[in-house]
Amino acid sequence: MNEAKILIYDGSFNGYLTAVFQAFEQKLSIADIQKEENAQSGLFSDAEIIYTDVIKSKRVWNGIQKKNNTAIKNIYFAFLSETKGIELLLYRYIQKLFSKTEVLHLNFSDDIVLKVSQLAKSVGREKHRMEAFVRFQLTKDDIYFANIEPDFNVLPLISKHFKGRYADQQWLIYDVKRKYGIFYNLKTVEFITLDMDDIHCNKTQKSNVFTDGEYEYQDLWNNYFKSTNIASRVNLKLHTQHVPKRYWKYLSEKKAV
Amino acid sequence: MSFERIKEKLNILADAAKYDVSCSSSGSNRSNKNKGLGDSTGMGICHTYTEDGRCVSLLKILLTNHCIFDCAYCVTRKSNDIKRAAFKIQEAVDLTINFYRRNYIEGLFLSSGIFKSPDYTMERLIAVAKKLRLEENFNGYIHLKSIPGASDELMYEAGLYADRLSVNIEVPTISGLKLLAPDKKHEDFTKPMLKVKNEILLYKAEKKIIKSTPIYAPAGQSTQMIIGATGESDKDIMYSATHYYKKYNMKRVYYSGYVPVAEDSRLPAIGSQVPMLRENRLYQTDWLLRFYGFNVKEILNDTHPNLDIDVDPKLSWALRNLAEFPIDINTAEPRMLARIPGLGMNSVYKIINARKYRKLSFDHLKKIGVALNRAKYFMICNGNDFTHKDLQAIQIKGLILQNSQGKFRANYSAQLSLFN
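Sequence lines, in order, name chains S and W.
Each residue of the first sequence is one higher than the one before, counting from 1 in my numbering.
Each residue of the second sequence is one higher than the one before, counting from 1001 in my numbering.
Quick caveat, the hints were computed from the structure, so don't treat them as lab data.
One or more of the hints may lead you astray.
[Stated by the list, open to error] Restraint ranges, calculated between C-beta atoms of paired labels, are given here:
hint, chain 1, residue 1, chain 2, residue 2, range
1, W, K1204, S, R125, 44 to 52 Å
2, W, N1301, S, K160, 47 to 55 Å
3, S, V54, W, I1209, 46 to 54 Å
4, S, Q169, W, D1302, 55 to 63 Å
5, S, N69, W, I1082, 17 to 25 Å
6, S, K254, W, L1179, 37 to 45 Å
Ideal Cβ placement from N, Cα and C applies to all residues, glycine included.
Throw the hints in and build the complete structure from the sequences for me.
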């Protein structure tokens, strides 16, 4: 019998799918699949480094998609949750998917299926929240700029939404936690890494990179937020349930003015 | 543009518009074309929530709070001594566009007090929407409030630019309307509704033949009723709502617990509690009718004209109809699954799919997310006998209440607090 292997990949989704390809092609017995930045070799298993190969990863993607559309979506979303051990969980999920003829992703009585669909749901929820809670600020060079700090890596999931909606303005959404952003230049959306010491946070202090009108509109929004509240119906518990505190620092209506 | 002046207007005119509960920005199919601004396909987005917990997805403002009418329940009625203001058409447009570009909102909800005449007011509302669509190439969501008594021609034009139109019926019964809004006639509300309904039907029919037919109010129409201002029963309210759903093809009926805004002998006094729990129960009932296959007569009728306050309407119905239970999770039709208290439509969907693979047990249901503390009295699972068959409705209710912590429970508990 083959010794169980640990596959090390570069952390990208394509890299992960390449690892899955390798595992299936060589019929490996897998001990774990790990990102290179935090790889640990197991005592009794060999580690093998996987080089991302877009053609191979595409074949895995297509293979799963052909099996089931929801399954590939669940896998991608759950992968972006960056949960510890997600690689192995998804590998088991994919194995199940290919070993069975039934519509696996609906079998909610299976622990792995339930877990993957729950993770995918959490990521989906945060994707939706980021579509809601992005607050653009207009810079003097005419770019609508926003910072976000999501729990999950949802930038790749929200670019389509913003591209469809803001087709006539340049915008940049920057993930403070993961240090990369997506930028729309009126034609395409690009991934960019920025080396910004001075992140233009939505903090109270004003920055001279933004237009003067910018703060006027934030002020108007802040005022609107207050005057649309009905004091005799206040329900702060419900409020924080909908707008979790961890997002507040980037919300202009939550600024103390 | 002076921001100070705009700010003052916004404060006044948002404050007056906040009693409109409709906040929906979904169900429209106006997608971004020619690289314009905005997109309203499918799902709406709530961009923030006020401290009272209501969603903010649209810039909800009045064009003006001047009004020639004197409806007792309304904060902008002419006899009320408040600051008045009015937006210029361009000001409303600029606010919408700039809020939208910053991703604060999904679009505009524009209502108005009535100045001069219903038609004059309606024309100005339409002018805002028209400017947004034609000059700003704006494809975000627009909800226009139809002015009671506006003419058919204007209702037609409004639908060409708005995603949704609505007239608030406000008072659920005709006699109540006479009492509180003596200037208005019932037909002032229903005539524009009927026009919009017919235009939508016409649009749908024509669209099948001529693809280029201009879209008309793609998100349909809605209405709103004030709850607890006059003495109507829950039955009156829900029967009236059912009437509007059926007769006028309403997308939504909203229920708004009356917030006392006037000292008036016909109305609850200022400072009386807003009937939020009652409002909540009405929404739950509305859901049961629209998504769970209930008929309004099953839930409210002459022997049971008001909803229970201490339990939700589905549980209340189940307790009155114990003969229908227990329901077998592994074999029952979806329609019956949906009638088990504690089971939402999501759980029903998951159960139907999961039970194809194996018999489900209580453990499975728990993981799926069923509220077992309610559901367990009404169902049987694999490997579990129905142990509650001898319990009476009142006993089941007691057990459920004992083990639940409803958000409103404290308000209605008979237990006095020791340290207050």
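A quick look at each hint next to the structure:
1. W:K1204 x S:R125: 44 to 52 Å: Given about 34 Å between the Cβ atoms, the range is violated.
2. W:N1301 x S:K160: 47 to 55 Å: Given about 49 Å between the Cβ atoms, the range holds.
3. S:V54 x W:I1209: 46 to 54 Å: 47 Å, holds
4. S:Q169 x W:D1302: 55 to 63 Å: 59 Å, holds
5. S:N69 x W:I1082: 17 to 25 Å: Cβ of N69 of chain S to Cβ of I1082 of chain W: about 55 Å, so the range 17 to 25 Å is violated.
6. S:K254 x W:L1179: 37 to 45 Å: 42 Å, holds
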